[in-house]
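Trainee: Sequence:
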Amino acid sequence: MNSTRTLKDKIFLIIKGLAMGAANKVPGVSGGVVAFVAGFYEEFIYSLQKINAKAFKLLINRRYKSFVQYINGRFLGLLILGMLISYFSVSKLLDYFIEKKELFVWAAFFGMIIGSIYYIGKDFHHWNRKTVFFFLIGISIGIAISFLNPAKENTNLLFIFVCGIISVSGMTLPGLSGSFILILLGNYVLLLVDSVNALYDTLAEMLKGDFSFMKNQVRIKTLTILGVFTLGSATGLVTFSHLLSYVLKHFKNVTTALIIGFISGSLGVVWPWKKTIYKTDEAGILIMDSNGEKIVHNYERFLPDPLLAETWYTIGFVILGILIVLALDWYGKKTRKHS
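Using my numbering, read the sequence shown as starting at 18 and increasing by one per residue.
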């Protein structure tokens with residue numbers, strides 16, 4: 018763990034947090050891929066692993082400095098700060114571009130995933146029967162997940178807590194998109210759109226001295242749902258980190274092969290050329306969420322027309338996505354060389 022980060026390193030760590038937060042919100046994209054490619058995945062997992070009984074004992078005994086040092090708190094704090102900023106800035110900008118230029122956004126992320134597969138695979142020289150088997154398992158699960166149909170929205174708090182635990186899989190396991198899992202569970206709009214918007218509106222009102230939201234039962238219920246989801250996410254983050262820390266230590270080659278498989282399989286989710294299918298009732302009328310937005314049901318994929326100029330623009334964004342990952346790889350090598 019790097020305890021002597023420069024100001025530049027700290028700024029870049031916040032930017033990496035921004036990237037992780039944005040990636041986690043896009044269905045099909047995994048924030049864990051950002052951590053893997055940017056070179057801080059293992060530090061992220063091992064830092065989370067330190068949130069254990071010893072850490073809580075330090076906290077209870079008010080040994081705050083020792084607590085922060087023990088859990089690598091400065092690293093986690095800057096990363097989480099970037100994620101929080103992302104949810105109220107980058108992710109909203111991303112929502113705008115997905116609405117206006119959806120094809121190009123998907124293309125860029127498709128390219129980033131291709132670049133990630135290259136990045137992880139180029140230094141992996143442990144292919145054998147066992148690792149190939151786990152690679153095939155990973156790619157099979159990734160493809161299967163991309164073709165599942167979503168469930169209906171469910172506001173049961175126990176289910177929301179479970180959604181929180183599952184959703185952080187994208188942060189800890191590269192290639193498994195937590196936001197796409199939430200679509201399959203039927204709660205993507207509720208937890209990553211409605212709840213986040215409710216929190217944003219509440220904070221904006223509180224800054225103006227307006228506390229009328231406390232009488233708004235719908236708002237309070239949405240904030241309660243967000244609180245339970247956050248608690249579930251924190252629980253899942255710590256639990257998964259302990260599990261992954263163990264498998265990375267004892268089964269690193271098999272785990273890496275599985276991750277490469279997951280990421281390869283997730284290409285089906287972010288295939289740029291697809292038509293969004295929205296939820297409808299039995300009469301064929303569109304079902305809207307509480308904000309009047311259409312709810313995604315699934316995607317209908319198709320092959321691009323090579324005669325259209327738009328197809329070549331899209332391919333250009335795929336290449337841009339690949340170049341972004343290669344740039345991150347270059348920066349990671351440069352950072353490690355000077356550290």
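Everything labelled a hint here was simulated from the structure, so no lab data went into it. Among the hints, a few may not be true.
DSS-like cross-link-like pairs, simulated, lysine-lysine; straight-line CA separation at most 25 Å [as the list claims (entries may be wrong)]:
(1) 291 to 117
(2) 266 to 139
(3) 292 to 118
(4) 291 to 118
(5) 296 to 118
(6) 147 to 269
(7) 27 to 82
(8) 296 to 117
(9) 82 to 169
(10) 266 to 67
(11) 225 to 238
(12) 269 to 67
(13) 266 to 71
(14) 292 to 169
(15) 238 to 292
(16) 269 to 139
(17) 292 to 117
(18) 169 to 291
(19) 27 to 67
(20) 82 to 67
(21) 82 to 71
(22) 82 to 25
(23) 238 to 169
(24) 147 to 266
Predicted model only: the values in this text are computed from it and were never measured.
Trainee: Which earlier hints can't be squared with this structure?
Mentor: 9 and 15
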